[in-house]
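Chains as they are written, first to last, in the numbering used here: chain A, 2 to 671; chain B, 944 to 1164.
Among the hints, erroneous ones may be present.
As the list claims (entries may be wrong) - Across the chosen pairs, the derived CB separations fall in these ranges:
no., chain 1, residue 1, chain 2, residue 2, range
1, B, 1150, A, 662, 25 to 31 Å
2, A, 78, B, 949, 55 to 61 Å
3, A, 662, B, 970, 22 to 28 Å
4, A, 662, B, 956, 29 to 35 Å
5, B, 1144, A, 23, 20 to 26 Å
6, B, 1138, A, 604, 57 to 63 Å
7, A, 658, B, 949, 43 to 49 Å
8, B, 1021, A, 662, 42 to 48 Å
Simulated from the structure, these hints should not be mistaken for lab results. Where is the CB? At the ideal position from N, CA and C, for every residue including glycine.
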Amino acid sequence: MNGIASTTALTALLSLIAAWLVLGALGLARPNSIRWVARTLFPVGALIALGVAGTGAVALTAHFSAQTAVLPLGLPNLPFHVRLDALSGFFLLLLGSAGAGISIFAAGYFRAGEGTAPGMMGLQYHLFLASMALVILADDAYMFMVAWETMALSSYFLVVTQHRIPEIRRAGFLYLLMAHVGALGILLCFGVLQGGSWLMTFDAMRGATLAPAWASAAFVLALLGFGAKAGLVPLHVWLPEAHPAAPSPVSAMMSGLMLKVAVYGMLRVSWDLLHAGPWWWGLLTLGVGLGTAMYGAIFAAVQTDMKRLLAYSSIENIGLIFAGIGLALLCRSFDMRLLAALALAAALIHSFNHALFKSLLFLATGSVLHATGERSLGKLGGLIRYMPWVAALALIGSLAIAGLPPLNGFVSEWLLLQAFLQTPQIPHAFLNMIVPLGAAIVSLTAALAGYVMVKFYGVVFLGQPRERALEQAHPAGWLERAGLSWLALGCVLVGVFPQVALDVVGRITGQLVGATVQRGPSPWWMTPLASNQASYSGLWLWAGLVLVMAATFVLVRRFYHGRVRRTPAWDCGYRWQTPRMQDSAEGFGQPIRHLFGPVFRMQRELPLPSDPQPQYRVQVEEHVWHALYLPLSRFVLRTAERVTILQGGRLATYLLYSFLTLILLLVWVL
Amino acid sequence: MAHLNLATQFVQMLAGALLLISFAMLAERRSRRLLILLVWQGAVLVASTLLVASTAHLTHLFYSAALTLVLKVCVLPWILFRLMRKLGIERDNEPLVNLPTLMLVGLGLVIFAFGLAQPVSALATTVLRDTLGIALAVILLSFLMILARRKAFTQVIGFLSLENGLFFAATSTTYGMPMVVELGMALDLLVAVFIFGIFFFHIREQFDSLDLDQLESLKED
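Using the sequences plus the hints, can you model the full thing?
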């Protein structure tokens, strides 16, 4: 390739990102017009997102070599470097394809008079998208941090769209605080990675040779920094606060896309910039990931707010992704490249899947919220009658996230389990015993995720409406449905053609690990390891499912036709039933609350049997909040108070400080 | 001590006068007399600069002497005098530390300043190298004055006296600063006094007094 053609994809990407920014600025031309900002600009933004996805996909083709460029931006002698390789291409594909669905949905979603002016919101929204793309493209620490902080700030302003509500401001503050703590970790990590050369380009960091202790320090800092953004326990506290506070498309972006950008950062540092490390890196990441997955699943099961439930479910999925990364790191430290590639492929595919189905579900809650004005699961129900489209598409998302075949969630969890099942090959006795436990935890988490989704879907869409007002719920507009359908289509496609996904991520594992998991000999089957061990075909399963369903339908029609009797359901002998007597979200979560009692910090108020108006109240909080964050904040406040003694308010004291400093400095000079 | 020529002896006498005036300012409580002392300080500074200029044959020092004369002996005291009349400032309150203690601390500072100047003046090549200690002492004493007084007006005079000390340090070690720097400083000083004047009015409006102890009530709890 010649010099000009070799950066075509990169140039196209940068122009697309610039177009996003222009789009954001255009929104300010008529900042209060929903018709202009939402109905006109957002669909264009979705088209740009498709372009980004397409260009990202170019980087994943077989004969693509990494493209780099130096931008005429940044500080003097410190220009921005950008680079497009398979890893960034994959995450751009993720960003673009899920972002397109979200933008289309958002075009129909935003209404006038909801907090920030639409034009401002459009600016923040597209700035957020562009900064995420720039984080993925950045090839030096300086640009990475600038884009990273832009991403954090623009999303903060999106979270506090409805800033008149104190809880939302509080959630936004918590998010900003954690974002800064995380950014600090990343900054220090880059500081270590430059290894004394003081060059901030990733190229220099790749070439730097670090002492083992410093490499480990960099790794732990990266885990801390990116973990805070991704929501690893115990740095996850901002997630269940910020996601419900934000408007639904923003929740979808943060959960579906921004958490993946953090995953990208972790992969970039631990696989590209750092060289193979000791095995405890992998074990640490694996342990934290599995703990996070379990924790998220358990807490999701007891939530009564649908967006909080989804936020905890995001924590769970991030945990699974990090478990995959951890397992891959573990295998890399023993130089088991194929196995590392398998685990990494599972983590990558799961990232992609999660971007699709979590965005889908968050958007569906947005439609529900707009149709009913309710977020609390206790006041919803039976919406499948009033919003059939949303219900059907949310069903696809729920099935996918629950990890049921033939949808995409199953593929990545299956691959992850396959990787875990191969760990007895690890030449280390202790790890041989420990790591298979991880497989058990992954299975348990998957089962809990299924439980959570039954709860979510069942309480929101099935049964009877629990409130009278729900009967006025209106179906979602066509733009909202289009956005949801796009994401659902992605879930189905990845589920049915998993071998294509495996091929695609094979490009990345080839770049990072030096090994690629083959899809297997047959074009219809995915056989990652050996055909006598395990293989899976989404298409055949899909075909089988369709066949069985069709056969059942035909048989029922043929043999039972006309023999259907309609009678009222058995009312247990109690005639005065109301829809409120259905199983509630609290009731559904009760077994989990009981089983995992010590994990929660619960406050329950049980009514007396004689109470004529019984009230039942349960509040579930996290131990980590009371055990870690509150003492920490008290400590900071106390220390700050001690320091404020310096600021006594007397001018003479302040002057004395300068005077003494002057004298001391003079003495020191002497 | 080696034999010194008349001009050098004269300059050293002026330096001594400068130090004496600084001590007098430290002890003075009436605003009007303080202002007069400041004028004297400026005049002594002008005289010493002129002497240095004529012995070392440096034309730019003549200019800076003229600048000092105009600014520090005429314009600034005049502005301050008008301010004083307008604001009706008669005298400062009791200093934060009582006067004998203040004097003792001042003495300590002078000794410290001389000790500090010794290695530096050994390196200096000008006629005035022995006076660097005095210049430093004037700076430290002025700082002490700012520190120990309560009224904003007195502190401004302390600030101007500190600037005089700096100027003297510059002439005594290196025959003054480049003209551009000196002009810049002169302008800064003028602007600073204007701003101080505005602040006086604001502070008085807010607290009905120029007593800076009142500023303590601004502190947040």
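Against the structure, the hints:
1. Checked against the hint of 25 to 31 Å, the pair residue 1150/B and residue 662/A passes, with Cβ atoms roughly 28 Å apart.
2. Distance hint check for residue 78/A and residue 949/B: the Cβ-Cβ separation is about 58 Å, which falls inside the suggested range of 55 to 61 Å.
3. The hint said 22 to 28 Å for the Cβ distance between residue 662/A and residue 970/B, and at roughly 26 Å that hint holds.
4. Against the hinted window of 29 to 35 Å, the Cβ-Cβ separation of residue 662/A and residue 956/B comes to about 34 Å, which satisfies the hint.
5. Checked against the hint of 20 to 26 Å, the C-beta distance between residue 1144/B and residue 23/A comes to roughly 51 Å, which is inconsistent with it.
6. Range check, residue 1138/B to residue 604/A: Cβ separation about 59 Å, and the 57 to 63 Å hint holds.
7. Judged by the Cβ atoms, the range 43 to 49 Å given for residue 658/A and residue 949/B holds: they are separated by roughly 45 Å.
8. Evaluation of the 42 to 48 Å hint for residue 1021/B and residue 662/A yields a failure: the beta carbon distance comes to about 34 Å.
Figure legend: structure checked against the earlier numbered hints; hints not met, in rising order: 5, 8.
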